[in-house]
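Undergrad: Read off the chains here:
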Amino acid sequence: MIPRLFCLLLAWLLPAGLAMALAIGQPLEFASEAQQRQYDTLVRELRCTVCQSETIHESNAELAADMRRRVHAMTLAGHDADAIVAFMVQRYGDYVRYRPPLQVNTWLLWASPFLLMLGGVLVWWRIVVGRRSMAERPGFTAQERAMLDRLRQADELRRS
Amino acid sequence: MTLRMLIALAATAALLGLLFMGLGINARDLPSPLVGKPAPPFVLESLEDASVTLTEQDFIGEVALVNVWATWCSTCRAEKPLLMELARGGIPIHAFNYRDERETALRYLSVSDNPYRTIAYDPVGDAGIDWGVYATPETYVLDAEGVIRYKRIGPLTRQLLLDEVLPLIERLRAEAQRASEARRGAPT
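Those protein sequence lines, which keep their order, are chains Y and H. For the first sequence, the tail end lands on 160 under full-length UniProt numbering, and the numbers increase by one without skipping. For the second sequence, the tail end lands on 188 under full-length UniProt numbering, and the numbers increase by one without skipping.
Same shape as in the complex, but just chain H (with noise of 0.2 Å):
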């Protein structure tokens, strides 16, 4: 009797620890498998002049963040101010304007603050699939060797900066500068 009633328990139990981590559980909240990938190559026009063409390339060089934004997400423009702020410190901003106009891009930039490097143009999300993008905005960190060491789906918040971003770039620069210091005193 008492072990039917344990087991009867353990089984309740076990379904509602389920269900509650069900509830826990944030759907949207997906890991990406890129982060530790090398950032995906593309080939796309810049947005301020169609006649430059960037590449991932554009992007690596240093610890960076990319950006994905357009002008009809709400949210990308609520979280400008943060990437203003980021910008203004020192932290270089590269962006993929996705699925949106270049005119109306343009010019929502030339009436508001631009925080972005380099901003490459991908009007029909093609750049958008191999970088996984899925909801705008979204932000990756890269390393100074172009790997993608973080990805955030949504806007950044300052918690999410002063927790998680902030320290990362911090740690990536230093791994960056003491491999660059590594590669200067090594004998040529």
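Next comes chain Y alone, as it looks inside the complex (with noise of 0.2 Å):
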């Protein structure tokens, strides 16, 4: 059973390992480290358009491979990081972005967080004003705990 297994899932994983060696293809040639560097990063940072969540990184499309071709060349050329997302940016968009620039469209993206926490913050502070306004609270008055008393008695006598 066991054997079998593991079988088939060697055999799932292989053609996909296999795929995704093709699809990324054979390593690429830099300058210096320092272009590899920059290389690395961009490919992690820039979405594919065409499967959107991923990163060109790690998508198998073609348009993935064409645009990692494309930052590739432009490093080797000396265009710097900046100057890369720009060309990505101005052809496709901020989207191709994965971490969004903060401007005018994007504020709230940017302040959704800190606007959450603000919240968390504000119900918990009424929470604790409530409970210490609870705790302020008089307690009975000596004519409710006599008429209290009262009752709990009359209880107890009912029920012997």
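Wrong hints could be hidden among the right ones.
Stated by the list, open to error - Derived contacts from chain H toward chain Y, CB cut-off under 7 Å, selection only:
1) P123
2) G125
3) I129
4) G132
5) Y134
Since the hints were made in silico from the structure, they are not lab data. All C-beta atoms, glycine included, are put in the ideal place defined by N, C-alpha and C.
With the hints in hand, could you dock these two chains into one complex?
TA: Written out as structure tokens, the structure reads:
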């Protein structure tokens, strides 16, 4: 049972690995380590616009391969990371960036964690204040206490 | 109490609204940043004749469509009768043959209609990146000056042509006409 399962898993994974290797292609050459680093960073920061939820590093789509090739070529040609990102944004829009820039149409996106936190703090504060005011609420008056005692006694009498 | 309920109601409404908006948005419908910009330059071989070099200048001069297609793209095939109608109606259509094989593409055109004036052969998608192509078919409308005025990702439909593309072409043609008249009218 287990060996069969293992074989099945292998049969699944091997072609997948091969396909991945084919998609990624030969190792790329760079003139310097800095260029290599820039390429490695950029392919993880640019979105494949066809598959949308993958970076061009992960994606097997042909467009992602094109974009990787272009990033490589531009890196070799000496363009810096900002220039390459700007190039892609010019063609595919801000959507191509995995880290959206802070600008007019994205401020809500950036602000939302802080707004949510603010909301949480407000709720927490209200609860704490509410609890405190509850603690400060005066207890029963002597009259109420006497009434409660009477009720309790009546109850006990009925039970016995 | 009522205030608290109101706040909760508002928060829920806001969240639901956001989710509802998310439903309405088509994630594939990305606005093209190229609309309003001049046609990106390219240098490619002509599909029909490898010795002929085409550039963006071959697409520019009058109001025209630029269609990105490939033989492996079945939607492109489905879209072509509409393009034929446009071509017969006198609208110039240029094209990128995108990530295709020349022989296959030529054979395909030889056995079916060819609505295209000029076809630039882009086997590795080089011009594709410059034009922001990410799925075939795609169609651009260029004005007479070569500025991209419209981009459609996905197939053209009759409704789309009637509602958006043809009125736009008409407007751009009128614009071009006025511009050329102004040039002619101006003392030289």
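Undergrad: Each hint should be assessed against the structure and marked as holding or not.
TA: Results of checking the hints against the structure:
Interface hint status for P123 of chain H: violated, as the beta-carbon distance to the closest one in chain Y is roughly 11 Å, over 7 Å. Interface restraint check for G125 of chain H: the shortest CB-CB distance to chain Y comes to about 4 Å, inside 7 Å, so the restraint holds. Look at I129 of chain H: its Cβ gets to within about 5 Å of chain Y, closer than 7 Å, so that hint holds up. At a threshold of 7 Å, the smallest CB-CB gap from G132 of chain H to chain Y is about 4 Å, leaving the interface hint in force.
The restraint placing Y134 of chain H at the interface with chain Y holds, with a minimum CB-CB distance near 5 Å, inside the 7 Å limit.
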